[in-house]
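Enquirer: Could you build all of it, start to finish, from the sequences and the hints given here?
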Amino acid sequence: MDVFYLIFQQTMMVAMAILVVALGGMFSERSGVVNIALDGIMIIGAFCGMFFIKMMQSAGSTMNPQIMLLCAMLVAAVAGLIYSMLLAFASVHMKADQTIGGTALNMIAPALCIFTARTFLGAKNIEITQNFFIRDGDLWLSKIPVIGDLFFSNTYITIYVGIAIWAVVLFVLYKTKFGLRLRACGEHPQAADSVGINVYRMRYIGVGLSGVLAGIGGLMFVLTTVGSFGGTVNGYGFLAVAVLIFGQWKPVGILFAAIFFALMGQIGSFYPTIPFLADLPIPGDVYRMLPYVATLVVLAFTSKKSRAPKAVGVPYDKGKR
Amino acid sequence: MDKFKKVGNKLLKSQGLEALSASVIAAVCGLIVGLIIMLIVNPSQAFAGLGSILKGGFNGGFAGVGNVLYYAAPIIMTGLSVGFAFKTGLFNIGAPGQYTMGLFCSLYVSFMFQNVIPSSMLWVCALLAGMIGGMIWGAIPGLFKAYLNVNEVITSIMTNYIGMFLVDMLVKGNITMFNINEARTRAMPESANIPKFGLDSIFPGSTVNGGIIIAAIIAVLIYIVLFKTTFGFELRACGSNKTGAKYAGVNEKRTIVMSMIIAGGLAGIGGALLIQAGASNTYEPVNVLAVNGFNGIAVALLGASNPIGIVFAGAFFAHLQRGGFYLQLQNFKPEIIDIIIGVIIYFSSFALIIKSLFPQLFTFLKFKKNIEDTTAKTVEKTIEVEIEKNTNDKSGEV
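Protein sequences, first through last, are from chains A and B. End of the first sequence sits at 334 in the working numbering; the numbers just go up one at a time, nothing left out. End of the second sequence sits at 1055 in the working numbering; the numbers just go up one at a time, nothing left out.
There's no promise every hint is true.
Stated by the list, open to error - Straight line, CA to CA, 25 Å or less: simulated SDA-like cross-link-like pairs of lysine to any residue:
{"id": "1", "chain 1": "B", "residue 1": "Lys829", "chain 2": "A", "residue 2": "Ile280"}
{"id": "2", "chain 1": "A", "residue 1": "Lys331", "chain 2": "B", "residue 2": "Lys899"}
{"id": "3", "chain 1": "A", "residue 1": "Lys108", "chain 2": "B", "residue 2": "Ser897"}
{"id": "4", "chain 1": "A", "residue 1": "Lys317", "chain 2": "B", "residue 2": "Asp857"}
{"id": "5", "chain 1": "B", "residue 1": "Lys829", "chain 2": "A", "residue 2": "Lys108"}
{"id": "6", "chain 1": "B", "residue 1": "Lys829", "chain 2": "A", "residue 2": "Pro285"}
{"id": "7", "chain 1": "A", "residue 1": "Lys333", "chain 2": "B", "residue 2": "Ala894"}
{"id": "8", "chain 1": "B", "residue 1": "Lys712", "chain 2": "B", "residue 2": "Asp857"}
{"id": "9", "chain 1": "A", "residue 1": "Lys318", "chain 2": "B", "residue 2": "Gly901"}
{"id": "10", "chain 1": "A", "residue 1": "Lys323", "chain 2": "A", "residue 2": "Ser155"}
{"id": "11", "chain 1": "A", "residue 1": "Lys333", "chain 2": "B", "residue 2": "Ile1010"}
Stated by the list, open to error - Output of the computed footprint for chain B on chain A, the stretches with three or more beta carbons under 8 Å from beta carbons of chain B:
{"id": "12", "stretch": "18 to 30"}
{"id": "13", "stretch": "291 to 304"}
No wet-lab data here; the hints were simulated from the structure. Idealized CB from N, CA, C, for every residue including glycine.
Expert: Structure representation (structure tokens):
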């Protein structure tokens, strides 16, 4: 049972990070901009968040660690927002190929972060003191049987943030005027424009929101799984794009897809502790391949009826009909 | 005189030149950003740093140029791979995986069949094995795209990771290849190394080898296939208008798969060229995606997907990367080159648009001058016609 709790807790940490990033991607794609730059934005968010924590800790700050983490998430969000504006500018105003623009941002991000870290900190990695972990018994809620073990012990505050973001996104996308307009811009921007919606602005907002969420998600991922920043998020930004497609560009689908992929990923790293998997004579690399193989298989089965936002990837041109 | 003007105009308006000038604009923008970063970090050394980058391989004299050619060969191949797929309207971001698979197959054949294949033929067989490995890995996204309607970008990202883990697993599990004490493969058999074709006497003391010649020949072949054959025409037709090509009787599913297979093969040869170069004859399975694969994307974009352009773009990036090596003398971190390359891709994604702004500016300036200079009435008239046409077009848009 302990192994089960451990895997569940770990899965939740990763799942919430992927979820938040994929929701960001959803905003961007629903507004009509392909966002393959999620990986790069995650890296930038993670870097700025970790850098902030490092600076605060070395300044001897006595801030409550949980509040400090929330502040770091805010920093990551702002960094992600600024970085994503590069994509928005290229794809909305310059009508660039969005996939290529995104790829460029993916290449710049790790180089920029490693360069900055090496120039200003003297080392490639950013190491921080880990005092953000919520241990068993830290919260009185952890005394609740089963649920306490599942959600309120051995965890990070990030999973609550993730759940909250999901709920807000669900509401914004389906129950507000803004959500409707955003979705319209991804389906038929000309029609949206004809009723007075500023398509360019909506797409800027869509990409901006994806930057905010991907930045937060990047910090969530790096802090909860690796604990130090080394210039990469292990390609989880790309996995988030797959989650987005698997989840059919809808928040509920994305939630389940994220949990599925996180679970696959955790089997990759925890197979030695799972009794029956550890006994099998299979090299660890096979388990590490699992999330990616699972993505391929799942996409093969779901893609026939997959329906992306209609106008995604097409630069909006007012003169076109 | 008129004839000269005509030829000149034709040249100026040709697509090749347009693409070239767009690439030059992107490259200059990238270098400017690099300079700005260096100015922020260390203003006193910034211009010396820029000099190092621009001098690139020439910092090391003839040997330096030889090293540039050594680094250029694999990224020209991955560049050709990405560029070839681009011509068919596919974005082959799977080059790193195909490259790694090619590298592995080349390793495998060199080690396991070194006593079977005559030693004079070993390097050719290993190279072909690398090509086949890359082809198989490229076929997967192609098949998924053609028959299952899955976006090739996602599948090739997944095959990148799967290929990387698979190769690392296979390498670690093979005692003949893997040296457990050093956690890397043993050195390739000497006979698997690509012959130098006399290049080592031109660039003494460098790591140059025949790979660059092979890459250049393949680039020419790809150029012929793309632009001088029916098959190439079908590929390009599919890339510019899929439904149109289908209507004209092109089997677009087959074309997609073929294009990805060829692209994969090209990247696979790239991997084989690296491991068979002699200077980098061991492979370290450390679960890292092949950087040369991603650089191929940059090379293809800068080369405007034209095989001949890609050869020069590959040489340019190799030149920059060597510049990054010498940049450390000015105490800058070499990652700045990766930033510059990323920025170049970023700008090349919309460089054609930046460029299209230039003629507008030009016309505007000309127009102003002509109002002052009343003798050039004919030119003025043509501009007026142009402007009229423009305004008509605009009114038509609304």
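Enquirer: So, for every hint listed, does it hold in this structure?
Expert: Results of checking the hints against the structure:
Only pairs whose Cα atoms come within 25 Å are accepted, and B:Lys829 paired with A:Ile280 is accepted, the gap being roughly 21 Å. For the proposed pair A:Lys331 and B:Lys899, the alpha carbon gap of about 24 Å is at most 25 Å, so the pair holds. With a C-alpha separation of about 18 Å, the suggested pairing of A:Lys108 with B:Ser897 holds against the 25 Å cut-off. Among the hinted pairs, A:Lys317 with B:Asp857 is inconsistent with the structure: their alpha-carbon atoms are about 54 Å apart, more than 25 Å.
For the proposed pair B:Lys829 and A:Lys108, the alpha carbon gap of about 46 Å is over 25 Å, so the pair is violated. Between B:Lys829 and A:Pro285 the CA atoms are separated by roughly 19 Å; this keeps the pair inside 25 Å, and the hint holds. Between A:Lys333 and B:Ala894, the direct Cα distance comes to roughly 23 Å. Compliance with the 25 Å bound is thereby established for this hinted pair. Taken as a hint, the B:Lys712 and B:Asp857 pair is honoured in the structure, with Cα atoms around 22 Å apart against an allowance of 25 Å.
Our distance criterion of 25 Å between C-alpha atoms is met by A:Lys318 and B:Gly901, whose separation comes to about 24 Å. About 46 Å separates the Cα atoms of A:Lys323 and A:Ser155, which puts this hinted pair outside 25 Å; it is violated. Between A:Lys333 and B:Ile1010 the CA atoms are separated by roughly 17 Å; this keeps the pair inside 25 Å, and the hint holds. Figure legend: the stretch 18 to 30 of chain A, annotated as covered by chain B; annotation inconsistent (0 residues with Cβ-Cβ distances under 8 Å, at least 3 required).
Here's how the stretch 291 to 304 of chain A fares: 5 of its residues keep a CB closer than 8 Å to some CB of chain B, so the rule of at least three is met and the hint holds.
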